[in-house]
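Enquirer: Sequence:
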Amino acid sequence: MNKINKNSMQKLSFYSALTVLFISFGAFVTEAPKPKLQWSSLTEVEQKLKTAPRPVLIDLYTDWCGWCKVMDKKTYSNKDLIEYLNNNFYLVKLNAETKADVSWKGKTYKYNASYKTNEIALMLTNGELAYPTTVIIPGENDAPQPISGMLEVSEMEMLVKYFAEKKFGVQSFDDYARTFKGNWK
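In terms of this note's numbering, the sequence shown opens at residue 71 and continues consecutively.
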């Protein structure tokens, strides 16, 4: 009877030690960090453009905009989109209602109390304020291209690839869209 108890105790000790080992090991195992969009300020982007030109994507939002929050959560969290944007665009997240002065291309934009928005938002959207608005500035001398509304991942894929593949000014967006085959989900 002592042998059984001793044997049982050894097994119990072994399994207890094994359990502690697995629990301890699990504490040291961490998930790889999730990829994040590399947002910059307009000032930082202006400096980067001098040495390495690429399109600029501006996420124009407001604090009160519900669809802006949905787009952050659903669209801007997609790993394929994050990787593509980080590799092909300079990214700016800009609160349209910021009261701070904003400088871009040698001009300073101020808060406009009449519109309750910063003048840069009016310039980027051609005065047609809506939130969220995704603004693409394809190149140095190109006008901002505002696309208002919440964009799903598939819509964003087509949009950013159109500009990154330098189709803007060469092929109409409608023609591009007819043949586009997306694969982001």
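A few of these clues could be false.
[As the list claims (entries may be wrong)] Mimicking DSBU-like on lysine-lysine, the simulated pairs with C-alpha atoms at most 35 Å apart in a straight line are: (1) LYS180 / LYS251; (2) LYS237 / LYS251; (3) LYS139 / LYS251; (4) LYS144 / LYS186; (5) LYS236 / LYS143; (6) LYS177 / LYS120; (7) LYS251 / LYS177; (8) LYS255 / LYS177; (9) LYS143 / LYS251; (10) LYS106 / LYS236; (11) LYS106 / LYS251; (12) LYS169 / LYS144; (13) LYS139 / LYS120; (14) LYS139 / LYS169; (15) LYS255 / LYS180; (16) LYS163 / LYS149; (17) LYS169 / LYS231; (18) LYS251 / LYS169; (19) LYS177 / LYS237; (20) LYS104 / LYS169; (21) LYS237 / LYS104; (22) LYS139 / LYS106; (23) LYS237 / LYS139; (24) LYS104 / LYS144; (25) LYS251 / LYS186; (26) LYS175 / LYS120; (27) LYS118 / LYS177; (28) LYS143 / LYS163; (29) LYS177 / LYS106.
For the record, the hints were derived by calculation from the structure and aren't laboratory data. Please read these numbers as outputs of a predicted model, since none were measured by experiment.
Enquirer: All hints, please: hold or fail.
Expert: To see whether the hints hold, each was checked on the structure:
1. LYS180 / LYS251: Between LYS180 and LYS251 the Cα gap is close to 41 Å, so the pair fails against 35 Å, i.e. violated.
2. LYS237 / LYS251: holds, 15 Å
3. LYS139 / LYS251: Holds, because 27 Å separates the two Cα atoms, which is no more than 35 Å.
4. LYS144 / LYS186: holds, 28 Å
5. LYS236 / LYS143: Roughly 28 Å separates the two Cα atoms, so the pair holds.
6. LYS177 / LYS120: The hint holds at about 17 Å.
7. LYS251 / LYS177: violated, 40 Å
8. LYS255 / LYS177: Distance ~39 Å between LYS255 and LYS177 Cα, so the pair is violated.
9. LYS143 / LYS251: holds, 24 Å
10. LYS106 / LYS236: Between LYS106 and LYS236 the Cα gap is close to 25 Å, so the pair holds against 35 Å.
11. LYS106 / LYS251: holds, 25 Å
12. LYS169 / LYS144: Measuring from Cα to Cα gives roughly 28 Å; hence the hint holds.
13. LYS139 / LYS120: OK: LYS139 and LYS120 at ~32 Å, within 35 Å.
14. LYS139 / LYS169: holds, 21 Å
15. LYS255 / LYS180: violated, 39 Å
16. LYS163 / LYS149: Holds, at roughly 18 Å.
17. LYS169 / LYS231: Satisfied, since the Cα-Cα distance of roughly 33 Å is no more than 35 Å.
18. LYS251 / LYS169: Violated, because 41 Å separates the two Cα atoms, which is more than 35 Å.
19. LYS177 / LYS237: holds, 29 Å
20. LYS104 / LYS169: holds, 32 Å
21. LYS237 / LYS104: Holds, at roughly 31 Å.
22. LYS139 / LYS106: holds, 16 Å
23. LYS237 / LYS139: holds, 30 Å
24. LYS104 / LYS144: holds, 14 Å
25. LYS251 / LYS186: violated, 40 Å
26. LYS175 / LYS120: Distance ~11 Å between LYS175 and LYS120 Cα, so the pair holds.
27. LYS118 / LYS177: holds, 18 Å
28. LYS143 / LYS163: holds, 14 Å
29. LYS177 / LYS106: holds, 30 Å
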